[in-house]
Amino acid sequence: MENINTEWINDYPNPLLIAGPCSAESEEQMLTTARQMKDSGNEISFFRAGIWKPRTKPNCFEGVGSIGLDWLKKVKEEVGFKTATEVANAHHIDAVLKADVDLIWIGARSTVNPFVIQEIAEALRGTDKIVLVKNPINLDLSLWIGALERLAGQNIQKLGVIHRGFSTYNKTKYRNTPHWQIPIDFKNLFPHLPMIIDPSHICGNRTGIFSVTQEALNLDYQGMMIETHCNPDKAWSDSAQQITPQKLKEITDNLVIRTAKTSFDEIERYRTLISDIDFQMIELLSERMKYAEVIGELKKEKNATVFQLERWKKITEYVEDKAKEKKLNPRFLMKLFKVIHEASIDVQNKIMLKK
-6 MENINTEWIN
4 DYPNPLLIAG
14 PCSAESEEQM
24 LTTARQMKDS
34 GNEISFFRAG
44 IWKPRTKPNC
54 FEGVGSIGLD
64 WLKKVKEEVG
74 FKTATEVANA
84 HHIDAVLKAD
94 VDLIWIGARS
104 TVNPFVIQEI
114 AEALRGTDKI
124 VLVKNPINLD
134 LSLWIGALER
144 LAGQNIQKLG
154 VIHRGFSTYN
164 KTKYRNTPHW
174 QIPIDFKNLF
184 PHLPMIIDPS
194 HICGNRTGIF
204 SVTQEALNLD
214 YQGMMIETHC
224 NPDKAWSDSA
234 QQITPQKLKE
244 ITDNLVIRTA
254 KTSFDEIERY
264 RTLISDIDFQ
274 MIELLSERMK
284 YAEVIGELKK
294 EKNATVFQLE
304 RWKKITEYVE
314 DKAKEKKLNP
324 RFLMKLFKVI
334 HEASIDVQNK
344 IMLKK
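Residues -6 to 348 (this note's numbering) are what the sequence shown spells out, left to right.
Careful, some of the hints might be misleading.
Okay, derived cross-link-like pairs now, PhoX-like style, lysine-lysine, Cα gap no bigger than 20 Å in a straight line [stated by the list, open to error]:
no., residue 1, residue 2
1, Lys164, Lys283
2, Lys343, Lys292
3, Lys180, Lys151
4, Lys31, Lys46
5, Lys295, Lys343
6, Lys292, Lys320
7, Lys331, Lys343
8, Lys166, Lys331
9, Lys331, Lys283
10, Lys295, Lys331
11, Lys227, Lys180
Note that these hints are calculated values from the structure, not bench results.
Since the model is a prediction, treat every value here as computed from it, not as a measurement.
Using the sequences plus the hints, can you model the full thing?
Structure, rendered in C-alpha cells:
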C-alpha cells in the first residue's frame, strides 16, 4: 500500500472532527443541526449524515435515500461545511460522486464482506475523495487490512480508518466493545495511516462519549466522528447515542490534545490494553458465575453435594499445566482459582439453602 496518501489529514484541524446526525431525516433537521453546530463554535471539518442505513433487522428506518444528498448539498452551500456519508454499493457511490460529497466511509457490515469491498473499490477507482474504512463488526484484523488493500489496489490514495468497536454476544456497558488491542495492532502495522474514533457506536449512549474519545486521543488517534442531532431524543435512529451541538462543543472543549510523543504516551497505551483485559476478565467471571448458579440448581434438583472432589482435582491439574505452558507463577494462578472456586461454592450453597 505504498501509494497511500496519509498527509491529507494535515489539511484539517487536529484532531479532525466529523459530526452530524446518525440519519438524514429532513432538510430542516439537517440545516438546523448544521447551523447549531456552527453557532456553538464547533470546529467541524466534515458534516456527516447517513443517507442509506444498513439496519440489523428489517422494518426499521433504513434511510431517506438519495434525496438526503440534496440536503447535504444545502448544508455545504448554506452553512459551509464539507460533507460525509456512508456507502455500501456501486449505486451509492455513483450517487454520492454526482452530489460531490467530500468524504466517504465504508461501514462495519460492509468491511466484513470482500465482495462488497471489491465492488466499492472498483466503483471508486482513482477517486481523489477521502475514503475511511470502519473496522469489521467481528474481531478480525486481516479483514480490516484487506479492505484497505483492495481500495489501495484501485488507486484510491486518500485513505484512513475508523474504530467503531466490535460486536459481542454478551451485553456489556458498551454497545460495541472497543477491544483496543486490535486498533493498536493496526497502528503498529500502519503508523502513519489516519485513525478516527467513533465513540457514538462504541458507547451506544451519550454518557461515555467523552471518556472513550479521550482514551483514543491518548492512543494517538487523529480524529473523531460523533453523532450530533438538533433534537437527539426525537431522532429516527440511534437516538440514545446522539448528542446536541452544544454538548459536542462541551466535549471537544474539555478534551486534552497531546501533541508531543513521550514515554508517558507509551505507558498509557499499555495501561489501556491492561484495562481492556481487566474488563474482559470481569465479563468472563460474571458469565462463569451464572453457569455456577445453573449447576447449583441442578445439584439441588439431583440431591448432589456442592463440593465435588474429583472436579476440583481436575481443575487443579489443569491450572498447574496451564501455569507451566503460559510461564505463570503456579502459586499465583492456584490462589486465584481457589478464590474463584470458593465464590462458586458460596453461590451454590445459597441455592441449596433456599426453600
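Quick rundown of the hints versus the structure:
1. Restraint check for Lys164 and Lys283: the C-alpha separation of about 14 Å stays at or below 20 Å, so the hint holds.
2. Proximity of Lys343 to Lys292 is assessed by CA-CA distance (about 12 Å); at most 20 Å being required, the pair is judged to hold.
3. Proximity of Lys180 to Lys151 is assessed by CA-CA distance (about 17 Å); at most 20 Å being required, the pair is judged to hold.
4. For the hint pairing Lys31 with Lys46, the CA-to-CA distance comes to about 26 Å; that exceeds 20 Å, so the pair is violated.
5. The suggested pairing of Lys295 with Lys343 holds, with an alpha-carbon distance near 16 Å, which does not exceed 20 Å.
6. Proposed proximity of Lys292 and Lys320 is contradicted: the alpha carbons are some 35 Å apart, above 20 Å.
7. A distance of roughly 18 Å separates the Cα atoms of Lys331 and Lys343; the hinted pair therefore holds under the 20 Å criterion.
8. Taken as a hint, the Lys166 and Lys331 pair is broken in the structure, with Cα atoms around 28 Å apart against an allowance of 20 Å.
9. Of the supplied pair hints, the one linking Lys331 and Lys283 holds, its CA atoms being roughly 18 Å apart against a limit of 20 Å.
10. The hinted pair formed by Lys295 and Lys331 fails the criterion: a straight-line CA distance of about 25 Å is larger than 20 Å.
11. Of the supplied pair hints, the one linking Lys227 and Lys180 is violated, its CA atoms being roughly 37 Å apart against a limit of 20 Å.
In summary, the structure is inconsistent with hints 4, 6, 8, 10, 11 from the numbered list given earlier, while agreeing with the others.
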